[in-house]
Amino acid sequence: MKKLSIILPAYNEEQRLEGNVAHLKDSVDKLAISYEIIIVNDGSSDATLAKAQKCASDPIQVLSYGQNRGKGYAIQYGMLHSEGLYKLFMDVDLSTSLDGIRNFLDLMETGNYDVVIGERKSRSARIEGRQPFYRIFFGRGFTLLANLFIGHKITDFTCGFKMYTKDAADIIFKRQRIFDWAFDAELLFIAVLHGLRIRQAPVTWRHHSNSKVRLIRDIAHSLYSLILMRMNAIRGMYR
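Using numbering that gives the first Met the number 0, you'd call the opening residue of the sequence shown number 0 and step up by one each time.
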C-alpha cells in the first residue's frame with residue numbers, strides 16, 4: 000500500500016498539465032515516501048486526456064470519463080480509486096506551495112488528525128499575488144454562510160489543498176452528494192457529523208488569474224447546494 004495518494008482533478012488543463020505534474024513528481028520524490036499521483040480527467044474537451052496519458056508512468060496514473068461532472072465529482076472519483084494511507088487533493092495549477100505536503104503529513108502522523116485542510120486567512124499563511132475583489136467578497140460570504148449551515152468554525156472552505164486519512168476518506172467520499180463549487184463545504188460537514196478530527200493549517204498560496212470561477216453562476220449554485228446539504232442531512236443521507 001502506498002503511503003500517499005495525490006488526486007489531481009483536471010478539466011481543460013492542456014496548457015499546464017504536463018509541466019506541473021513533472022514539477023509535482025520531482026517535489027514528492029524528494030520526500031522519499033511511497034506514493035501515487037492520480038490525474039482525473041473530468042470530461043475535458045481539449046487535449047487534457049492526451050497530455051495526461053503522456054505523463055502516465057509509475058507512480059502516475061490516469062483516470063478518465065467522458066462527461067464533465069465537476070471538480071467535486073473528479074475528486075470523489077480519484078479518492079475512491081486510490082490506495083494511500085493518506086489522501087491529498089490539490090489543484091493542477093499548483094496554487095498551494097508543495098511544501099505543504101510534508102507539513103500536512105507530519106500533522107497527520109503526529110497530531111492524530113483525520114482531516115487536515117489548507118487555510119489562507121491566518122497571519123501564518125502567505126498569499127502571493129492579489130486576488131480580485133469579487134473573489135475575496137464571494138469567499139468571505141460563502142465562508143460565513145457555510146459555517147452557519149455546518150455549525151462549525153472553518154476559516155477557509157475553498158482552499159484546494161486537503162488531506163485525509165484513508166478511513167476518513169472512505170467515510171466522507173462514499174457519502175458525498177454535491178459536486179459543484181460548494182462540494183468543499185459538504186465534505187467538511189460530513190466530517191463534522193461523524194466526529195472526525197479536523198486541523199486547519201496555514202499554507203502559502205499563489206493567485207492565478209485564469210481561474211474558472213464564474214461569480215453569478217457560482218453564487219447561485221453554492222446557495223442552492225448549501226440548502227441541499229441541510230436537506231440531505233435531514234433525510235439521513237450522511238449517516
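I should point out that these hints are in silico values taken from the structure, not numbers from a laboratory.
Among these hints, one or two may not hold up.
So the derived label-pair ranges between C-beta atoms look like this [unchecked claim]:
{"hint": "1", "residue 1": "Tyr-223", "residue 2": "His-151", "range": "30 to 40 Å"}
{"hint": "2", "residue 1": "Asp-45", "residue 2": "Ile-233", "range": "23 to 33 Å"}
{"hint": "3", "residue 1": "Arg-15", "residue 2": "Gly-65", "range": "44 to 54 Å"}
{"hint": "4", "residue 1": "Ile-226", "residue 2": "Ala-55", "range": "31 to 41 Å"}
In the DSS-like style, the derived pairs of lysine-lysine whose C-alpha atoms are separated by at most 30 Å in a straight line are [to be verified]:
{"hint": "5", "residue 1": "Lys-152", "residue 2": "Lys-24"}
{"hint": "6", "residue 1": "Lys-173", "residue 2": "Lys-152"}
{"hint": "7", "residue 1": "Lys-53", "residue 2": "Lys-120"}
{"hint": "8", "residue 1": "Lys-120", "residue 2": "Lys-165"}
{"hint": "9", "residue 1": "Lys-1", "residue 2": "Lys-165"}
{"hint": "10", "residue 1": "Lys-120", "residue 2": "Lys-24"}
{"hint": "11", "residue 1": "Lys-120", "residue 2": "Lys-152"}
We put the beta carbon where it would ideally sit given N, CA and C, even for glycine.
Structure-based check of all given hints:
no. : hint                          : result
1   : Tyr-223 x His-151: 30 to 40 Å : violated, 21 Å
2   : Asp-45 x Ile-233: 23 to 33 Å  : violated, 40 Å
3   : Arg-15 x Gly-65: 44 to 54 Å   : violated, 22 Å
4   : Ile-226 x Ala-55: 31 to 41 Å  : holds, 40 Å
5   : Lys-152 x Lys-24              : violated, 34 Å
6   : Lys-173 x Lys-152             : holds, 24 Å
7   : Lys-53 x Lys-120              : violated, 37 Å
8   : Lys-120 x Lys-165             : holds, 27 Å
9   : Lys-1 x Lys-165               : holds, 11 Å
10  : Lys-120 x Lys-24              : holds, 28 Å
11  : Lys-120 x Lys-152             : holds, 13 Å
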